[in-house]
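With the sequences and hints as input, model every part of the structure.
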Amino acid sequence: MAVEETGKLDALRQEIRAFLRKNLPKGWGTPEYVAPERGSKEAHELGKQWQKKLYDAGYTGFGVPKEYGGIERSREEMAVIREELTHTGAPPLAGSLGPSIVLPTLLRYGKEWQKKRFIPKILSGEESWCECFSEPNAGSDLANIQKTGVRDGDEWVVNGQSVWTSGAKFADWGVAPVRTDLKAPRHRNLSYFVFDCKSPGFEVRPLRQMTGDSEFGETFFDNMRIPHENMVGEEGKGWYVAMATLEAERGGGFQFLAPSRRIELTSLGGVDNFVELAKNTKRRGKVVWEDPVFRQRIAQFAIENEAMRYSRERMRVKAQKKQTTGNEQSISSIFSREKNQRQANMVAEIMGANIQFMKGDKRALDDGSWAYTFLRTRGNTIETGTTEINRGIIAERMLGLPKSRA
Amino acid sequence: MPIEYGLNEQQEMLKTMSRDFIAKECPMTRVRELMKDETGFSPELWKKMAELGWLGLVFPEEYGGTGMNFRDLTILLEEMGRTVLPSPFISTLLLAGLPILAFGTKEQKDEILPKIARGEVVCTLAALEEDGDWWADSINVRADRKGDQYVINGTKLFVPDAKVANYMLIAARTKRTENPEEGITLFLLDTREVWGILSTGLKTMDETRKQYEVVFVNVPVPAKNILGELHQGWPIMKQIALHTTAALCAEMVGAGEKALEMTVAYLKERVAFGVVIGSFQALQHRAADLVIGLEYARSLMEWAAEAIKEDDPDAITAVSMAKSFCGDTCKKVVAEGIQMHGGIGFTWDHDMHLYFKRVWASDTAFGDGSYHRELIAKALDEIHQLAGHGRWMKMPGRITQTG
Ligand SMILES: Cc1cc2nc3c(=O)[nH]c(=O)nc-3n(C[C@H](O)[C@H](O)[C@H](O)COP(=O)(O)OP(=O)(O)OC[C@H]3O[C@@H](n4cnc5c(N)ncnc54)[C@H](O)[C@@H]3O)c2cc1C
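Protein sequence lines correspond, in order, to chains A and H.
Residue numbers for the first sequence follow our numbering, beginning at 1 and rising by one.
Residue numbers for the second sequence follow our numbering, beginning at 1 and rising by one.
Honestly, the hints are just simulated from the structure, not real lab data.
Glycine is no exception: its CB is placed at the ideal position from the N, C-alpha and C atoms.
It is possible that part of the hints are untrue.
[What the hints assert, rightly or not] Here are the in silico distance ranges between beta carbons for each label pair: (1) P180(H) with Q320(A): 48 to 58 angstroms; (2) A265(H) with M358(A): 46 to 56 angstroms; (3) P180(H) with R397(A): 52 to 62 angstroms; (4) P60(H) with N327(A): 41 to 51 angstroms; (5) G400(A) with E38(H): 38 to 48 angstroms; (6) E9(H) with G400(A): 25 to 35 angstroms; (7) L386(H) with G400(A): 40 to 50 angstroms; (8) R176(H) with N327(A): 56 to 66 angstroms; (9) M13(H) with K26(A): 53 to 63 angstroms; (10) A265(H) with E383(A): 33 to 43 angstroms; (11) R19(H) with G400(A): 12 to 22 angstroms; (12) L386(H) with W113(A): 45 to 55 angstroms; (13) R19(H) with R316(A): 20 to 30 angstroms.
In structure tokens form, the structure reads like this:
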């Protein structure tokens with residue numbers, strides 16, 4: 001690399017460090033820091049503000065055309081940004097579904113005004129989104145959506161219910177496929193909308209999850225009106241738009257940051273925590289890190305992380321060459337989610353009886369975050385399409401096997 | 001040059017050409033003939049591979065090569081893996097050619113490399129002994145100094161292609177100290193020039209790759225035939241292991257991908273209960289798992305090859321990661337391959353067992369999954385200590401259990 005470029009990257013590094021010193025929440029990374037309650041309004045607002053700061057500084061928002069608010073950076077710059085943010089353990093972004101699934105859907109199917117209106121505020125974190133797909137009788141079998149929309153002038157009047165809608169309680173906007181044609185067959189009867197969550201007739205009732213939190217809820221549509229211009233893609237073609245959303249979701253969402261080339265600082269990061277835990281935990285008088293069984297398992301996760309990192313890059317290049325179909329996303333979806341679960345199981349086994357302590361108990365390690373993660377990962381293999389459905393996609397669409405039978 | 005993802009145009013061509021060539025010159029019927037042959041070596045095929053430039057692929061032009069890189073080489077190896085090709089390719093190039101190129105004297109390189117590139121010779125390495133493990137401590141074959149030459153005595157095992165090898169590298173002990181990695185020396189031997197080498201074919205599972213016991217009885221080697229420095233053979237062997245392990249990963253991934261293709265084809269063809277068995281979800285999901293495994297096996301293998309090509313210090317990590325993951329995955333693919341074929345998959349006439357045996361044989365070479373995972377665990381330990389130990393422990397609410 002040219003000396004000049006290296007100089008520029010070093011300058012960027014210094015700039016990020018100065019930015020972090022100035023902007024990180026007070027006490028961040030020290031024992032004095034008190035994090036807002038997980039899932040609280042306060043935590044959500046903090047995430048939004050943090051995302052806005054990063055966006056304004058040009059540290060997020062990559063890979064999107066400039067006219068929709070995208071930020072242009074070289075791959076090397078992105079890598080430096082990622083390295084610096086990961087290294088500090090900077091706070092997470094707002095965690096809204098906007099960037100991960102709505103943005104790619106709009107880029108692919110959105111009308112020009114929709115892209116101009118919505119994408120910049122998705123990138124800056126100013127507006128949060130929810131996804132009203134699943135219904136009581138339409139989960140894996142999504143095409144069975146029963147929500148109806150009836151045209152009335154320039155508007156559609158929507159009635160029905162969704163369930164398991166993540167982030168609905170803080171969402172400003174939502175996306176929903178709606179049955180706009182009651183006579184057409186499955187897959188051809190849906191239209192896809194973006195809607196304002198403040199619309200009269202839209203209601204959110206939180207549901208409690210096995211973690212005790214309420215990330216998701218039931219959402220009700222009672223004669224709720226959506227302007228016709230809010231339709232994404234064509235009328236009756238909503239299934240295909242929904243598929244684009246699911247594809248983005250399966251792929252783990254939109255890539256804002258280029259994965260780093262450096263193995264020490266990034267992907268091993270998570271594994272480093274396991275090493276730390278294993279070194280600091282004794283079971284029956286023996287340090288866990290010295291137990292070959294756990295060493296093997298932890299090493300395996302480091303291996304799998306690197307495999308995922310390289311695979312992501314392979315897929316990126318394949319996509320550029322138009323050699324992908326989107327079905328490949330099911331591979332990383334299954335692998336990463338099952339890995340999350342296996343990791344959490346291992347942590348639980350390292351901690352033994354102590355994994356039981358939840359947040360609030362003074363004995364809880366890291367204020368119960370390990371116990372929480374252990375429980376939360378149960379949802380990983382269900383949300384965004386179950387791993388069974390994803391295996392079906394690989395079998396039928398990638399391997400060309402016939403539609404399955406029991 | 002940065003790491004490249006995916007194949008460039010030239011590599012795509014190499015892949016297509018080699019696939020066509022192997023399909024034509026060495027279909028499975030020919031593989032089976034070579035399995036029955038005592039040496040498993042086809043001089044005609046070897047000549048043709050030389051004509052295509054494969055044998056000099058990674059040598060510079062001055063030695064009759066085409067100066068291509070390690071990643072290019074793995075593309076050929078993947079294709080060879082796809083047909084479990086019986087060939088002394090790895091023996092000649094990875095076990096001998098590359099180390100001679102990297103560590104040989106001008107005379108040694110001038111003498112041997114052009115002959116390899118022209119397909120005139122086969123080479124191999126005699127390293128393993130009775131325990132079959134690749135580690136310094138078990139190298140006990142002795143080379144004793146007598147005047148201006150050394151005399152080699154002892155028995156080597158698992159030596160590939162020994163019977164057809166014109167040149168043999170021998171890892172021998174020239175000194176025993178507390179550190180077993182000290183005092184190993186590599187000797188380069190023209191097998192046609194000396195007496196006292198007795199190669200006996202071993203009856204081993206994988207008949208597509210012949211291995212031998214090689215007994216050395218007072219075999220004299222001139223001191224000028226040392227590769228690298230006296231007593232300093234182990235670092236060279238580490239590099240041989242690094243490169244050959246990556247090569248085996250490429251071969252395993254090729255074999256694994258082919259085995260999966262065969263299995264999927266059978267799932268679409270075999271009828272039971274009035275439907276093709278590929279419509280049974282129990283089998284579909286297991287096939288999907290193999291796709292997932294192979295995606296990550298390939299990813300790690302490509303990373304390892306790129307890292308070697310780039311002389312990246314991460315290569316050691318990458319190769320260990322690749323070996324453990326490719327081995328584990330491909331062993332699963334070939335086992336599932338047999339299972340999903342039912343009875344036919346258990347027969348000698350079906351090809352699946354050839355893949356099964358090749359993959360397992362490769363997995364045992366240069367350390368299996370648990371061996372390499374332990375190396376990674378050691379690396380993690382170092383990284384952990386470097387990365388500012390205790391950073392994470394300052395997080396809120398942390399209770400240290402061991403102080
Ligand atoms: C934490 C979490 C967050 C979520 N967030 C959202 C959200 O924001 N928006 C949203 O719309 N939805 C959300 N969901 C819902 C999620 O998408 C659905 O739960 C999921 O698609 C499964 O649907 P289901 O619950 O109806 O289960 P079902 O479809 O009834 O499945 C039950 C079981 O049957 C299996 N199964 C079903 N069909 C097949 C088949 N053909 N072959 C083999 N096995 C099959 C499934 O894999 C599963 O194991 C969330 C879920 C969770 C857990």
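Right, here's what the structure says about each hint:
Hint check: P180(H) to Q320(A), Cβ distance near 49 angstroms, so the stated range 48 to 58 angstroms holds. The hint said 46 to 56 angstroms for the Cβ distance between A265(H) and M358(A), and at roughly 51 angstroms that hint holds. Taking the beta carbon of each, P180(H) and R397(A) are about 53 angstroms apart, inside 52 to 62 angstroms as hinted. Between P60(H) and N327(A) the C-beta distance comes to about 43 angstroms, which sits within the given range of 41 to 51 angstroms.
Checked against the given bound of 38 to 48 angstroms, the beta carbons of G400(A) and E38(H), roughly 42 angstroms apart, stay inside it. For the hinted restraint 25 to 35 angstroms between E9(H) and G400(A), the CB-CB distance of approximately 28 angstroms keeps it satisfied. A beta carbon spacing of about 48 angstroms between L386(H) and G400(A) agrees with the range 40 to 50 angstroms that was offered as a hint. The beta-carbon spacing between R176(H) and N327(A), approximately 58 angstroms, falls within the hinted interval of 56 to 66 angstroms.
At roughly 59 angstroms, the beta-carbon separation of M13(H) and K26(A) lies within the given 53 to 63 angstroms, and the hint holds. Between A265(H) and E383(A) the CB atoms are about 34 angstroms apart, so this pair conforms to the stated range of 33 to 43 angstroms. At about 20 angstroms, the beta-carbon gap between R19(H) and G400(A) stays in the expected band of 12 to 22 angstroms. At roughly 52 angstroms, the beta carbons of L386(H) and W113(A) sit within the given window of 45 to 55 angstroms.
Range check, R19(H) to R316(A): Cβ separation about 25 angstroms, and the 20 to 30 angstroms hint holds.
Going down the numbered hints, you'll see the structure goes against none, and every one checks out.
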